[in-house]
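Residue numbers (numbering that gives the first Met the number 0), protein chains in the order written: chain F, 0 to 441; chain P, 0 to 314; chain L, 0 to 311.
Note that these hints are calculated values from the structure, not bench results.
Idealized CB from N, CA, C, for every residue including glycine.
Treat the hints with caution; some may be incorrect.
As the list claims (entries may be wrong) - BS3-like cross-link-like pairs, simulated, lysine-lysine; straight-line CA separation at most 25 Å:
no., chain 1, residue 1, chain 2, residue 2
1, P, K220, P, K116
2, L, K139, F, K304
3, F, K353, L, K92
As the list claims (entries may be wrong) - Short, incomplete list of chain P residues facing chain F, as computed with Cβ under 7 Å:
no., residue
4, G72
5, P149
6, G163
7, A218
8, S219
9, Q223
10, T226
11, P262
12, K280
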Amino acid sequence: MKKSVLAFSAGLGMFTASVVAAPTANAEDLTLCWAAWDPANALVELSKDFEAQSGHNMSFEFVPWPNFADRMLNELNSGGKLCDLMIGDSQWIGGAAENGHYIKMNDFFEQEGIDMADFIPATVTGYAEWPKGTPNYWALPAFGDVVGWTYRKDWFERPELQAEFQEKYGRALDAPQTLEELKDVAEFFQGREIDGKTVYGAAIYTERGSEGITMGVTNALYNYGFLYENPEKPYELEGFVNSPEAVAGLEYYKELYDCCTPPGSSDWYMSECIDAFKSGQVALQMNFAFIWPGVESDPNVGGGKSGYFPNPAGPGGHFAQLGGQGISVVAYSDKQDAALEYIKWFAQPEVQKKWWEAGGYSALNAVVEDPGFASSQPYAQTFLDSMAIVKDFWAEPAYASLLLPMQSRIHNYVIAGQGTAQEALDGLVKDWNEVFEDEGLK
Amino acid sequence: MSDHHRSHRPEPGSTALVHRVKGLSDRAIAWLFILPTIVILLAINIFPLIWTIYLSFTNYRVNRPNKAVDFVGLRNYERILSDTDIWITMQATAHFLFWTIFFQVLIGFALAYLINKKFKGNDLLTTIIVLPMMLSPAVVGNFWTFLYQPQIGLFNYVVSFFSGVDPSQFSMIGDVVLAPWAIVIVDTWMWTPFVMLICLAGLRSIPDSIYEAAECDRASKWRQFWTITIPMVLPFLMLAVLFRGIENFKMFDLVVQLTGGGPGSTTELTSINLKREAFEKWRTGYASAYAVILFVTVFGLASIYVKALNRVKDR
Amino acid sequence: MSFSVTEPSKRQKWFAGIVVVCYTLITLMPLVWIITTGFKSSPDSIAYPPKVVFTPTVEGYVNLFTTQTRMSPGVITEPRDHLPWYEQIVRKKGNTIVGPSRFSERFFNSVIIGFGSTFFAIVLGTTAAYAFSRFRVPLKDDLLFFILSTRMMPPIAVAIPIFLMFRNLGLNDTHAGMILLYTTVNLSLAVWLINGFIDEIPIEYEEAALIDGYTRFQAFYKVVLPQAATGIASTAIFCLIFAWNEYAFAVLLTSGTAQTAPPFIPTIIGVAGQDWPAVAAGATLFLLPVMVFTIILRRHLLRGITFGAVRK
């Protein structure tokens with residue numbers, strides 16, 4: 000089958016060279032599953048070193064973000080053998096650990112001398128641990144990621160715009176420090192004519208189908224004082240999820256959507272926001288940090304035309320939504336040894352350094368604490384600052400059941416304009432309580 | 000139109016009796032020929048259906064293999080039938096069903112009527128018109144999201160060309176008011192030819208002699224249309240509605256690609272909602288109860304409809 | 000030639016012709032747009048106003064068949080002296096090809112699963128239809144209706160227990176599993192359609208053959224099958240198109256190895272952002288065979304789409 004498939008593509012006259020891959024003695028065909036995005040393609044290139052060293056053959060299964068969780072959780076729940084290695088999203092870790100989808104890594108780490116203390120603490124908690132805060136590891140932090148903002152530095156630097164902004168808001172037009180300032184800037188640019196084109200304020204996450212709007216709105220919610228639960232009493236939601244502060248945060252996100260986003264941006268996630276920014280439609284863009292290397296090298300907006308800043312603070316704190324993933328070995332794989340070999344190779348400091356150079360956000364302290372790191376790229380410092388303030392969505396085994404009502408409640412309020420913010424969050428408390436009751440946690 | 004249940008073919012029993020002698024008996028061949036089909040349908044259709052019914056009384060979840068499975072009685076059914084969100088998806092489905100069928104019947108019949116004027120080249124045009132309905136709804140639906148994009152999309156551009164509305168000022172799949180119509184438009188584009196083909200068969204089944212007789216009676220064209228054409232085509236039309244009704248009640252691929260159920264939950268049809276429960280939240284028991292409710296609804300409505308159809312046909 | 004009252008006037012014909020031609024043009028527009036977008040460059044595809052005249056390029060097709068990454072100095076070390084034409088296209092955008100994409104595999108899966116399930120559905124369907132048509136089968140009407148009813152259930156509802164069953168049998172994401180499932184779904188169509196075709200073959204042919212000393216099986220094989228060949232062939236194309244287009248089962252029950260093209264094409268994505276020319280290129284390659292089949296099938300179309308309920 001495999002052979003005929005390759006022959007088929009060869010028949011299309013394209014990849015005659017890639018067909019002849021000579022297998023070595025105990026060479027395995029490993030499949031790594033991840034989202035289809037820039038870093039994944041960089042990893043393909045990076046992995047060629049591993050193939051050369053180990054003799055194993057790597058194939059890749061990449062699924063775009065809107066379908067990623069759906070497809071891969073389906074695969075894990077069906078006990079499928081498609082993926083030997085999985086770079087699964089941070090929120091899956093609870094379910095994957097409790098249901099035995101991933102193998103536990105503690106012994107392997109010990110044996111190979113891989114120490115979790117060598118990685119950025121937030122990524123270890125976020126991507127590897129379950130239960131959180133305990134030294135039980137199910138993944139190696141593979142790709143650090145966090146929501147941050149990109150802005151059009153070249154526009155911000157125009158004297159006439161600076162003067163106008165100064166007059167209107169009484170401060171300089173610069174990367175915003177607070178969410179309120181961010182809205183001012185977005186409002187300032189909304190509908191403005193720049194170089195003969197109408198531009199808009201900000202591209203923000205509004206996607207309905209998977210996790211988009213949740214990954215966006217949390218950046219406002221956290222900073223206004225939203226909490227997932229009573230810090231004293233786990234799973235107590237009333238008054239934390241729907242506190243007056245949380246309501247204010249949600250209202251802020253809706254105001255931002257209503258006042259300052261491009262028309263038709265009602266179902267946007269990573270790729271739509273990138274497109275809008277690169278095509279010069281917007282002054283500000285919310286997005287995960289993974290896009291920054293691409294922005295920097297873009298012919299339209301790269302090369303110093305864009306700047307980066309962490310999610311601005313709000314009245315209730317300063318946080319940013321955590322993204323990023325750890326790399327795990329799938330328990331249903333028949334090739335776990337070879338898969339662990341890959342992780343061992345990947346964890347090496349030299350490889351991690353190359354990973355960063357290729358556009359992958361290494362989570363290894365040795366890489367990010369290198370004196371040259373912060374100045375190595377215009378966005379490196381912003382990345383470090385952002386990683387210091389991360390907060391993640393529920394990583395419970397029931398994460399999907401918690402995410403879906405959040406998607407629909409938030410989208411219904413922010414995009415469809417149904418009901419009030421209070422009603423949306425009250426509804427969310429009700430939905431989440433039901434989930435926790437079903438789970439027997441309440 | 001033919002009906003298998005009452006086909007007037009001589010029953011072959013007599014010949015079978017005469018020729019039983021050679022080879023396997025007819026009875027053996029009959030079973031040999033039918034059995035594999037029955038077995039495979041039992042295994043892949045009926046057995047799973049029974050399993051679904053069983054699961055619908057439990058709290059089983061596919062994604063929690065280590066959790067005890069409890070029998071919860073009718074609780075899943077109670078929860079579904081008392082859940083207001085599910086009624087919202089039912090309403091979205093009803094809106095979708097009604098308007099797609101309405102437009103498809105209207106346009107499909109009109110087209111069939113015109114094509115039946117037998118102008119030159121009508122055969123070729125019929126073949127071309129039919130193309131959209133044979134294509135993969137998922138692939139085509141996905142591409143329609145591109146056509147529907149504000150500013151750059153062809154659809155918005157064409158609308159703006161004729162109406163003068165700025166193409167960046169409306170978003171067919173992003174707007175709460177427009178999205179339910181966006182899916183109606185694409186489904187109508189795809190499936191109008193289906194209704195058209197069936198209507199065409201109906202129109203062509205009317206013998207010329209009836210019109211000739213009416214002409215002798217000096218009935219006006221308008222009267223002929225209402226007293227001959229419409230009643231004669233009606234059974235065909237009703238059949239088309241039945242097929243479209245069942246298909247669109249099942250609708251998943253096209254709409255999931257177009258809107259994914261959004262914005263908010265405005266286009267979240269029952270199939271999409273069920274998919275979320277079953278394959279995203281993995282509430283298997285609950286989703287099974289949901290599935291059973293849908294089975295009952297489809298079969299119930301379809302049987303009532305078929306009864307009505309038969310009455311019209313027999314008239 | 001005598002004057003006929005039912006023959007439309009010339010004016011009516013003209014009017015009808017013009018209206019139908021207009022409708023045809025409108026209905027074709029999205030399809031034409033898919034095909035042309037496949038030959039546009041990325042900027043042309045998202046140009047405003049939409050571009051009707053453009054310089055054609057095969058960029059979309061190259062993107063469809065390859066996985067690319069942005070060139071970054073740290074990674075691209077080895078010089079590639081002889082760059083093939085497709086690499087050159089990609090390099091112009093600052094990217095480099097890192098390997099083939101999954102599209103050809105997915106397309107091939109569609110072919111295997113489509114033809115496999117069609118084959119089994121036709122074999123089983125033809126024999127069952129013959130038995131229903133020619134023998135006195137107890138509860139025949141009920142059985143036929145039962146077979147049809149399997150098509151009325153929403154696929155998502157059917158998929159829940161199938162998912163569990165396949166998981167237990169290890170059939171999730173396998174070609175065998177998908178062929179089995181599509182065979183089942185197509186069986187109902189095959190039985191109903193072929194039953195209709197066989198009903199139309201006069202029974203006298205077989206009787207003559209039986210009198211000539213054929214066994215029942217020989218009569219089926221040598222007399223009935225050739226007579227029904229056209230009908231069976233068109234039924235096969237219908238089954239193939241169904242399996243080819245099916246999305247819901249494929250998206251829920253396959254994740255890679257056996258994934259067909261319909262769940263895959265919407266997930267084609269560029270190096271950054273949606274790559275519409277590549278999506279359009281994939282859609283074109285995927286839709287064209289069906290368009291050709293539709294034209295071949297046009298005489299039997301009506302029958303196929305109505306399960307044989309309407310025949311011309």
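Practice item. Please work out if K353(F) and K92(L) have their alpha carbons no farther apart than 25 Å. Key: Measuring from Cα to Cα gives roughly 23 Å; hence the hint holds.
Review point. At a threshold of 7 Å, is the proposed contact between P262(P) and chain F supported by beta-carbon distances?
Key: holds (5 Å)
Check your understanding: Does the interface hint hold: is P149(P) within less than 7 Å of chain F, judged Cβ to Cβ?
Key -> holds (4 Å)
Exercise for review: Return the status of the interface hint for T226(P): holds when the least beta-carbon distance to chain F is below 7 Å, violated otherwise.
Suggested key: Status violated, d = 48 Å.
Practice item. Identify whether the interface hint at S219(P) stands, where standing means a beta carbon of chain F within less than 7 Å of its own. Key: violated (51 Å)
**Study point:** Hint check: 7 Å Cβ-Cβ cutoff, K280(P) to chain F
**Key:** Since the shortest Cβ distance to chain F is 4 Å, the answer is holds.
Review point. Would the pair K220(P) and K116(P) pass a check requiring their Cα atoms to be no farther apart than 25 Å?
Key: Holds, because 14 Å separates the two Cα atoms, which is no more than 25 Å.
Point to revise | G72(P) as chain F interface residue, shortest Cβ-Cβ below 7 Å | key: violated (16 Å)
Exercise for review: Verify the interface restraint on G163(P): the C-beta must sit less than 7 Å from at least one C-beta of chain F.
Suggested key: Given a least distance of 17 Å, the restraint on G163(P) is violated.
Check your understanding: Given Q223(P) was flagged as interface, is its beta-carbon under 7 Å from a beta-carbon of chain F?
Key -> violated (49 Å)
**Study point:** Residue hint A218(P), partner chain F, criterion CB-CB below 7 Å
**Key:** violated (53 Å)
Review point. Between K139(L) and K304(F), is the straight-line Cα distance small enough, at 25 Å or below?
Key: It is violated: about 75 Å lies between the C-alpha atoms, which goes past 25 Å.
Checked against the numbered hints given earlier, this structure breaks hints 2, 4, 6, 7, 8, 9, 10; the rest are met.
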